[in-house]
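Enquirer: These are the residues of each chain, in order.
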Amino acid sequence: MRLPRHPSLIIGLAATAVFVALALLSLVWTPYPIAQIDIARRFQGPSGAHWLGTDFFGRDMASLVMSGTLTSFTVAAAAVVIGAGLGVPLGLAAAIWRGPVEWLILRGSDFVFAFPALVVAILITALIGPGAINAVVAIGVFNIPVFARVARGGALTVVSLDFVAAARLAGLSNAAIARRHLLPNIMGLVIVQATIQLALGILAEAGLSYIGLGTQPPATSLGLMLRDAQSLFVLHPFLSLVPGLVIIVIVIALNLAGDGLRDALDPRLKPVESAA
Amino acid sequence: MPGEIGTVGELFMLKVLTVLSLALVMNAALAGAALAQQTQVRIAVALEPPTLDPTANAAEAVDIVVYQNVFEGLTRIDENGTVQPGLATEWTISEDGLTYTFTLAEGVTFHDGSAFDAEDVTFAFERIVAEDSLNAQKALYEPIESVTAVDPHTVEITLKRPTGTFLFDIGRPDAVIVAPESAENNARVPIGTGPFAFVQWDRGSRVILERNDVYWGERPALTRATYLFIGDTATLTNALLAGDVDGTNNMAAEVLDVFAADPRFKVLVGTTEGEVILATNNAREPFDNPKVRQAMAHAIDRHALIEGVTYGYSQPIGSHFAPHNPYYVDLTGTYPHDLDAAKALLAEAGLPDGFSATLKLPPVAYARMSGQILASQFAEVGIELELINVEWAQWLEDVFTNHDYDLSIVAHVEPFDIGIYADPDYYFGYDNPEFAALIETLNATTDDAERKDLAIEAQRILAEDAVNGYLFELAQTGVWDARLEGMWQNSPIEGVVLRDIRWVE
Amino acid sequence: MTFVLRRLLGFAATLFVAAAVIFFLLDLLPGDPARFILGINASAEAVANLRIQLGLEAPAWQRFFAWIGSMLIGDFGVSYTQGAPVAALIGERLWVSLPLALFAMVLSAAVGLPIGIAAARRRGSPIDTGLMVLAQLGVAIPNFWFGMLLTLVFAVGLRWLPTGGFTPWHEDPAAALRALMLPGIALALPQAAILARVMRTALVEVTGQDFIRTARAKGMTMSEAVWRHGVRNAFLPVLTILGLQFAYLVAGVIIVENVFYLPGLGRLIFTAISERDLILVRGITIVLVIGVTLTMLLTDLCYALVDPRLREGGS
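Protein chains in written order, with this note's numbering: chain A, 50 to 325; chain B, 21 to 525; chain C, 3 to 317.
Excised from the complex, chain A in its bound form (with noise of 0.2 angstroms):
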């Protein structure tokens, strides 16, 4: 992998970076509490003491906008991190054992993918209460089967080649070839995913923030902040433009790095490209 010859790569990753910073320094400080709700000073513009101004509720926006981008960034990551944790094993898993049990796993995505996933997303928040939680459950769920083909595919590409084939002979079991040759060759594969599908995670927490299935209050998340803001446009745009930039800007620059890392490793292995 030789960076500098991708630029977008590098302008991909140096905006998530700081957009992580940012959202990871909301742990340990942010401007204001984003809880403290102090009606007297909302909607004043940007000042030296807030620095993009204050909300509706008179809270301090650049300290929303940190502790929003963290909760969209985990939302995503969290379902990033359920989609591949179980994607890529099973994917593996069809490739090497191949038969009935690939046609499980293919007729499971399929059977994943067949369920509407905002609906699926309305049901939970039905059953257990609308939160980030949910989101994640949600977002997670539908990054299964994308995981699963992509490892899938990236693996029956090196399944057959020689080394798998002397692997083999030497007496391997199954799981210790997915271990030691198939998952090391489709790993690259698999982050350029995790890219896009956290780039996706983080519209689809919107998407469900917008309805009133994402994160709630008093914790807040970019989405959220786009929806509170939605109906105040027409008299306070401003509320409305931050967090919508912010995710714009956060689901190019990831969506950069997921290109230019497609372009650093082989091109020849695509990710499944898919819609929001």
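Honestly, the hints are just simulated from the structure, not real lab data. Given the structure is predicted, the values throughout are model-derived calculations rather than measurements. A few of these clues could be false.
Stated by the list, open to error - Here are the computed distance ranges between Cβ atoms for each label pair:
1) 219/B with 182/A: 41 to 49 angstroms
2) 58/C with 367/B: 47 to 55 angstroms
3) 14/C with 85/A: 51 to 59 angstroms
Claimed, not checked - A few chain A residues that face chain B, going by a derived Cβ cut-off under 7 angstroms, partial list only:
4) 86
5) 88
6) 179
7) 265
8) 266
9) 279
10) 280
11) 281
12) 283
13) 284
Even glycine gets a Cβ: it sits at the ideal position worked out from N, Cα and C.
Given the structure of chain A, go ahead and fit chains B and C onto it with the hints provided.
Expert: Just chains B and C now, kept in the frame of chain A:
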């Protein structure tokens, strides 16, 4: 509200929109000249009714579309909350207050052409009190002993006991008169006697009503009314600005400034019967301790709450009573906002460091926003609230039915409903025999001055006991095309009544 | 033929499992439909009456098989809250959601594919870069936010199109079509952006392959070669994406219908869940699952037609 001035960027946004739309108003004006006298109206309301039968569904959305438009009762409630003659043009009450004799209007037909007479009235009331009745307010009509058709135009209703609010209660949407021929289908095709007849219901989108040209009373000016169901504030704002709808009965307070500043619109600010309260589970620790409840009352800053949630469009309340009611007494000073007093009371109650509790919030903006602000206010005296957002169905089950909650925020929208505190099994868990006795006396009293004294006493007991946190009275904030007249400013009962609405130039 | 048969069997099995999952999951929902309908002042007695009337008292497995059985003959039951047949309620809404989804799909293909081809033909040029930046933006904008911006400009500002709502097709087809324009665009944007990216990548990849080189050797210009041979071969991955898109459109439709208050399936399921109209929720969910599964089945079959080799493999 005053005090906030938009930044340059914000004003710019508005300006761009105004310039764009002005260019189009010119076009619209040319097209509009062809339409001589407007007689149609498109009204946006937040919720779509699940059915159109107000006698078998509690949803306010049903009443908003059909009450007094499609269906009428023996009496009707007017804009000020007073009882007016409806299908009963006059009535007499016996000395003992037990027998009501109603004279019915003549020449009345239902929209399907069938005639209206006393038999329809007895049918409608027997249906309400029947064993298998699905009426949401059945309990209100429980005092009815019998309903008799004396002749086709006279009905006699006998009560088990004198009931002060009976004439009001039969004017409610739940007691409108339906015909035996059509009652079963009213959920989908409502057939009433009102000035407007049902035309069509495009589910998910709109209900269309058309003027009933053989209406027995005064003919309304409008010929056609369309109710559009738009729940999202941003969408509704855009629809109004674009002229896709002519008005709405209730607009979220946060955007009213947009319309107040625009000469094409007028904003009608009025009252409702909705007391927003911090419902408190009096049966549960630590809320069973009056000192804790009083401490909470001291911790509430109503002014900031009202600014934050309703942008100043609401009135504070100090008890469970509507400020515009003639029996109202101002008790907002009972436990003024005072953090030291709150802390002292908590210490007396043995909770010097405060405590944690959950706050279950139904899916309405006033509750969700009030919850966040109250959590911030309570945190100042050490009370940590965990906000739990629930849907209505879940709220009804958890909070209302199973009493499984600490605190909740909800508006009680029934007019004159202070009597709910007399029931120890109600979800507040408030058990005060003295109060229950007071309400019993009040219900049986018909003399106005006496009723007023009793009602004031009842308000005072609730305020001093701090049974619930009393927050504010919801305002009705309608936004209408400036050329429309005759809309109800206040909302003494649920409904968007069309009879007086008309276009003026 | 066994391929088709296997596929159909899988289709049926998926639907049955899905039906069971939907049914029993929904049975766990807290909240009583009867209490919801009658409201807070209704007596326990009235609620009990309504529960019996709605058939909520039978054991779950009995209701499950009754539900499956009647669905097989096209009877989806009667909505608890609206009192109308579920099949009719869904049918009405499909007239909004289906045209909307199709319009968005066609629009995304009509915009996305040519952009992808144009970018691929001028690979590395400023035009390519510009188009791909636009595509990045298209993917990154949350669709409800984009929908609101569209409304502000084209409905509130310019007044070319309505802010939302829907006029039934039989009343005024032109008005119905106009009502679907903005939601369709909001829905199509991210899909178009994705298609453009996929098309470009696929074409760029194809141009490196032998048959393009052969075509070039025969004297075709690069763009001729790409046009004649590349686009056709790049179509397989694009077909996959189009098939997958339908599933994602369903999610998008729910959000966009809320922004534009369209009376579609998305809004219906949303209110049905909040009103605990379980029989309606079940009906809609199963219809959506059938829709998505069916498109996946059709894409698979198309795939097999285009590329016979796939009939042998598992996927």
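Enquirer: Next step is simple, just say for each hint if it's right about the structure.
Expert: So, going through the hints one by one against the coordinates:
1. Take residue 219/B and residue 182/A: their Cβ atoms lie about 47 angstroms apart, and the range 41 to 49 angstroms holds.
2. At roughly 50 angstroms, the beta carbons of residue 58/C and residue 367/B sit within the given window of 47 to 55 angstroms.
3. Our hint of 51 to 59 angstroms for residue 14/C and residue 85/A holds, since their Cβ atoms are close to 57 angstroms apart.
4. For the restraint placing residue 86/A at the interface with chain B, the shortest Cβ-Cβ distance is roughly 4 angstroms, inside the 7 angstroms limit, so the hint holds.
5. Interface hint status for residue 88/A: upheld, as the beta-carbon distance to the closest one in chain B is roughly 4 angstroms, under 7 angstroms.
6. Annotation: residue 179/A was flagged as interfacial toward chain B, and the flag holds, the nearest CB pair being 6 angstroms apart, inside 7 angstroms.
7. This hint holds: residue 265/A has a C-beta 5 angstroms from the nearest C-beta of chain B, less than the 7 angstroms allowed.
8. Look at residue 266/A: its Cβ gets to within about 5 angstroms of chain B, closer than 7 angstroms, so that hint holds up.
9. Because the closest C-beta pair between residue 279/A and chain B is about 4 angstroms apart, less than 7 angstroms, the hint holds.
10. Hint status for residue 280/A relative to chain B: holds, with the closest Cβ pair at about 4 angstroms, below 7 angstroms.
11. Contact between residue 281/A and chain B, as hinted, is supported at the beta carbon level, the nearest pair being about 6 angstroms apart and thus within 7 angstroms.
12. Because the smallest distance between the Cβ of residue 283/A and any Cβ of chain B comes to about 5 angstroms, under 7 angstroms, the interface hint for this residue holds.
13. Interface restraint check for residue 284/A: the shortest CB-CB distance to chain B comes to about 6 angstroms, inside 7 angstroms, so the restraint holds.
This entry satisfies every hint, going by the numbered hints stated previously.
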